[in-house]
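First to last, the protein sequences are chains A and B. So the first sequence is numbered by this note's numbering: it starts at 1 and just counts up by one. So the second sequence is numbered by this note's numbering: it starts at 1 and just counts up by one.
Note that these hints are calculated values from the structure, not bench results. Note that the coordinates shown come from a computational prediction; the quantities given were computed from them, not determined experimentally. Treat the hints with care, since some could be wrong.
Listed next, the stretches of chain B that the computed footprint assigns to chain A, with coverage defined by at least 3 CB atoms under 8 Å from CB atoms of chain A [claimed, not checked]:
(1) 117-129
(2) 193-206
(3) 349-358
(4) 387-400
(5) 437-448
We put the beta carbon where it would ideally sit given N, CA and C, even for glycine.
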Amino acid sequence: MNFLKSLRVQETTRARLLSVSVLTIVALAISFLLPPVADSQMAGGAAITIVILGLSWLIGWSGQISLGNSGFMAVGAYAAGIWAHHHATTPLIFTFLLATVAGALSGLIIAIPSTRLRGPYLAGMTLAFSAAITPLAQNFTSVTGGEGGLFLNSLSTPSWFVHFFSGPNATIDANAQWTADLAVLVAGISFFLMANLFHSRTGRAMRLVRDNDVAAELVGINLGRTRTLAFVVAASFAGLGGALYTVINATVTPQTFPLTLSITLLTLMVLGGIGTLSGAVIGGIIYAFSANLVDHINALTGVNPTSNLGANMQGIIFGALLILTMIFAPRGIAGMGAAVQRLRKTRRSALASSSAVD
Amino acid sequence: MIKGRLTRTVTLLAASALTLGFAATGVGLSSAGAATATPGVTANSITIGATVPLSGIAVSYAEVSASANAVFNYINKHGGVNGRRIKYIRLDDCYNLAAFGLGCTAGPSTTTLSQTQVLVAQDHVFATVGSLGTAAQDSVLSYMKTNGVPQLFVNSGSSDWSQPSTYPNLFGFQASYQVEGKVFAQYIKTHDKGKSVGFIGQNDDFGAGGYAGLVNGGINIASDNHLSYNAADAVTGSISDIATDVSTLQSNGAKVVVLDSIPAFTSAILATAHQDGYSPQWIISSVGSDPISVNSPYEANAITFDSLPATNDKSNPWTPWLRSIILADKTDFPKFTAKSPMDGNMQYGAAFAVAFAETLKAEGKTVTRAGFVKTLESTKLATLTITPLQYSKSNHQGVLGGVIANISPNGSAAPIYFNEPSHVVYTTGNSKNTPIKTLPYVVSPIPAWLK
Chain A
1 MNFLKSLRVQ
11 ETTRARLLSV
21 SVLTIVALAI
31 SFLLPPVADS
41 QMAGGAAITI
51 VILGLSWLIG
61 WSGQISLGNS
71 GFMAVGAYAA
81 GIWAHHHATT
91 PLIFTFLLAT
101 VAGALSGLII
111 AIPSTRLRGP
121 YLAGMTLAFS
131 AAITPLAQNF
141 TSVTGGEGGL
151 FLNSLSTPSW
161 FVHFFSGPNA
171 TIDANAQWTA
181 DLAVLVAGIS
191 FFLMANLFHS
201 RTGRAMRLVR
211 DNDVAAELVG
221 INLGRTRTLA
231 FVVAASFAGL
241 GGALYTVINA
251 TVTPQTFPLT
261 LSITLLTLMV
271 LGGIGTLSGA
281 VIGGIIYAFS
291 ANLVDHINAL
301 TGVNPTSNLG
311 ANMQGIIFGA
321 LLILTMIFAP
331 RGIAGMGAAV
341 QRLRKTRRSA
351 LASSSAVD
Chain B
1 MIKGRLTRTV
11 TLLAASALTL
21 GFAATGVGLS
31 SAGAATATPG
41 VTANSITIGA
51 TVPLSGIAVS
61 YAEVSASANA
71 VFNYINKHGG
81 VNGRRIKYIR
91 LDDCYNLAAF
101 GLGCTAGPST
111 TTLSQTQVLV
121 AQDHVFATVG
131 SLGTAAQDSV
141 LSYMKTNGVP
151 QLFVNSGSSD
161 WSQPSTYPNL
171 FGFQASYQVE
181 GKVFAQYIKT
191 HDKGKSVGFI
201 GQNDDFGAGG
211 YAGLVNGGIN
221 IASDNHLSYN
231 AADAVTGSIS
241 DIATDVSTLQ
251 SNGAKVVVLD
261 SIPAFTSAIL
271 ATAHQDGYSP
281 QWIISSVGSD
291 PISVNSPYEA
301 NAITFDSLPA
311 TNDKSNPWTP
321 WLRSIILADK
331 TDFPKFTAKS
341 PMDGNMQYGA
351 AFAVAFAETL
361 KAEGKTVTRA
371 GFVKTLESTK
381 LATLTITPLQ
391 YSKSNHQGVL
401 GGVIANISPN
411 GSAAPIYFNE
421 PSHVVYTTGN
431 SKNTPIKTLP
441 YVVSPIPAWL
451 K
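Hey, can you work out the whole structure from these sequences and the hints?
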């Protein structure tokens with residue numbers, strides 16, 4: 001019996017691994033079809049996807065609101081940036097691990113007081129954290145480079161990869177492609193880890209704490225520890241996302257992590273679908289290509305992009321989308337797909353039952 | 001069963017997408033004919049670009065690239081350079097502060113890097129020419145290097161631009177902030193001997209470089225008089241850092257205050273100080289002193305540094321030349337009239353545009369990136385600068401000196417002009433031990449082909 005159970009777990013993990021691999025390969029293939037500028041946008045979207053995965057886990061799965069994820073992202077970004085600035089030859093994987101740990105630690109520090117707070121107090125506490133990060137980065141100039149930030153070496157594209165490209169812009173195309181593919185790969189791995197976590201014992205405990213903390217305590221779940229763990233995991237993902245963002249852009253500056261980034265992350269997560277894995281990917285895609293969408297809408301409507309209206313179009317569109325999503329699809333775009341599926345299923349079963357009556 | 005079908009479908013999708021992807025790359029392979037061509041260069045055109053603030057907190061600098069564009073258009077109308085028309089693409093990067101709004105109209109997700117990626121990977125520019133901002137251009141150093149695209153005449157006095165062994169294709173344009181700071185130091189030691197000196201600088205390499213120059217020049221600034229502001233903090237509207245900085249210097253009794261600030265902040269600092277009844281001797285970096293950009297009545301009698309001719313110097317042939325170019329085609333300056341004052345931004349843009357065109361002309365009919373860099377390192381350029389512009393294998397900074405100027409009100413009303421009382425050009429190196437020397441004030445003649 002026990003043997004069977006463990007087998008089933010293994011099977012689902014393997015199935016998850018397979019589907020995540022396939023998705024990653026599809027994303028890699030798409031990157032080959034996209035022009036280099038879109039590849040660079042895709043790389044940024046991949047980094048943001050990782051951050052949203054963590055945020056979705058924290059808010060959707062453990063029920064704790066955080067406006068601090070741009071701060072956790074900045075911690076990871078600076079950890080990676082400061083390390084790589086001084087140790088340019090360290091393998092990338094080490095830089096990523098370091099940033100993940102740094103993110104986790106910052107999550108732990110914030111979680112200890114935060115898990116005693118709920119609702120708006122928690123939001124306020126985490127907001128204060130992300131508000132404090134930018135001035136910290138600006139003022140410890142000798143470590144962080146101040147407002148100018150730190151700059152690193154760009155990723156070096158292996159020569160075998162450059163051989164796939166030709167023409168006068170071969171290197172440029174290859175570099176953009178390589179960066180995007182690396183980012184997609186890191187996002188794919190993160191997605192796999194989070195998918196497993198979602199479906200793990202911890203994941204289930206997390207949901208129980210969210211839905212009914214009294215029941216959770218009754219079955220022996222340590223509330224404080226579980227909530228803290230949620231923060232630590234979310235912050236480590238944010239840290240990794242920040243590090244990836246730093247590596248692909250070869251620079252880290254305080255301007256990258258304004259307070260508004262936390263709000264943007266939250267918006268993207270809601271649009272994609274709170275507490276869903278695919279929602280994080282959708283959020284990442286929206287982040288990557290929103291500027292193109294805005295340009296397109298400005299062109300369609302004939303709005304001058306440098307006018308007051310045109311310049312604020314992004315805010316207008318996302319504000320409207322957010323409201324519409326909250327009203328009509330509270331589980332976001334990812335939830336919409338599931339809702340449609342459920343609807344079809346009910347209809348099919350309704351049809352089946354009516355034919356049975358006939 | 002359903003799960004199996006799904007997996008199969010997705011796998012099939014992935015496989016076909018991959019095939020398509022490689023097929024697309026294959027298309028690239030088959031069009032390999034132009035492998036030796038230089039990006040951005042055709043038989044009758046050369047495409048270059050720049051990321052510049054066309055909106056936002058540093059919008060006053062928009063004139064710089066507009067002036068460069070006016071010069072390129074003038075050259076194009078007269079047959080271009082060696083038969084090639086210069087196409088200059090300017091993209092707004094909002095001083096790399098778009099995320100903070102601050103009047104930026106380029107969209108909140110715009111960064112200097114994202115706009116540079118458009119120039120390099122989409123527009124395939126030959127080089128960026130005259131991109132602006134210390135922190136902004138620092139953020140694309142690696143990207144430009146990795147992709148082998150020359151980064152020419154960066155509009156900033158950071159010494160980051162002169163690292164030929166690390167960044168062989170990177171060139172600055174103006175004198176370094178360290179040099180400027182050292183020259184200011186000498187001025188203070190002569191004219192304001194023994195007075196307490198305060199400093200407010202931008203919290204990036206601009207402020208750091210200027211401060212280092214003052215210290216290397218022998219000026220002692222007490223640590224509580226060494227203050228800074230963050231350009232991004234203007235988001236609050238009140239620019240709170242500045243109010244604190246100004247009142248700190250006032251209560252510390254600083255009699256001389258050096259500013260390494262961009263025009264919007266210079267203006268805010270001067271206004272705040274006036275409000276507080278504080279009037280020290282202002283010494284302002286050339287980057288933030290252009291009277292028309294600062295547009296403040298409180299700037300009169302400030303001291304600044306200038307590597308370009310005085311804007312009201314009628315004896316300098318470049319001034320009427322640039323004026324006539326702008327008046328002949330007002331695309332870039334629709335509001336400019338025969339009575340409008342010329343400003344330092346216009347001179348600056350024209351100066352690097354002429355330098356670019358001259359180098360291109362000197363390189364000859366065959367244009368490559370390596371060839372351009374080599375030509376630039378070995379050609380004495382005749383342009384608006386008051387010291388010869390001569391890059392070399394070891395000097396990628398650009399202009400190496402300038403005059404001390406003061407800003408005088410033109411009668412009672414604005415505009416106010418630079419006044420260069422003595423035509424003495426000071427030069428020095430970045431380090432503490434290089435002495436300050438004087439150079440002759442040079443007015444380069446306008447090359448015949450540009451007339």
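Each hint, compared with the structure:
Given a C-beta distance limit of less than 8 Å, the hint that chain A covers the stretch 117-129 of chain B holds, as 6 residues qualify and 3 suffice. For the stretch 193-206 of chain B, the stated coverage by chain A holds: 4 residues have a C-beta nearer than 8 Å to a C-beta of that chain, and at least 3 were required. For the stretch 349-358 of chain B, the stated coverage by chain A is not satisfied: 0 residues place a CB nearer than 8 Å to a CB of that chain, which falls below the threshold of 3. With a cut-off of 8 Å between beta carbons, the stretch 387-400 of chain B has 0 residues touching chain A; three or more are needed, and the interface restraint is violated.
Using a Cβ-Cβ cut-off of 8 Å, 0 residues of the stretch 437-448 of chain B lie near chain A, which falls short of the minimum of three, so the contact claim is violated.
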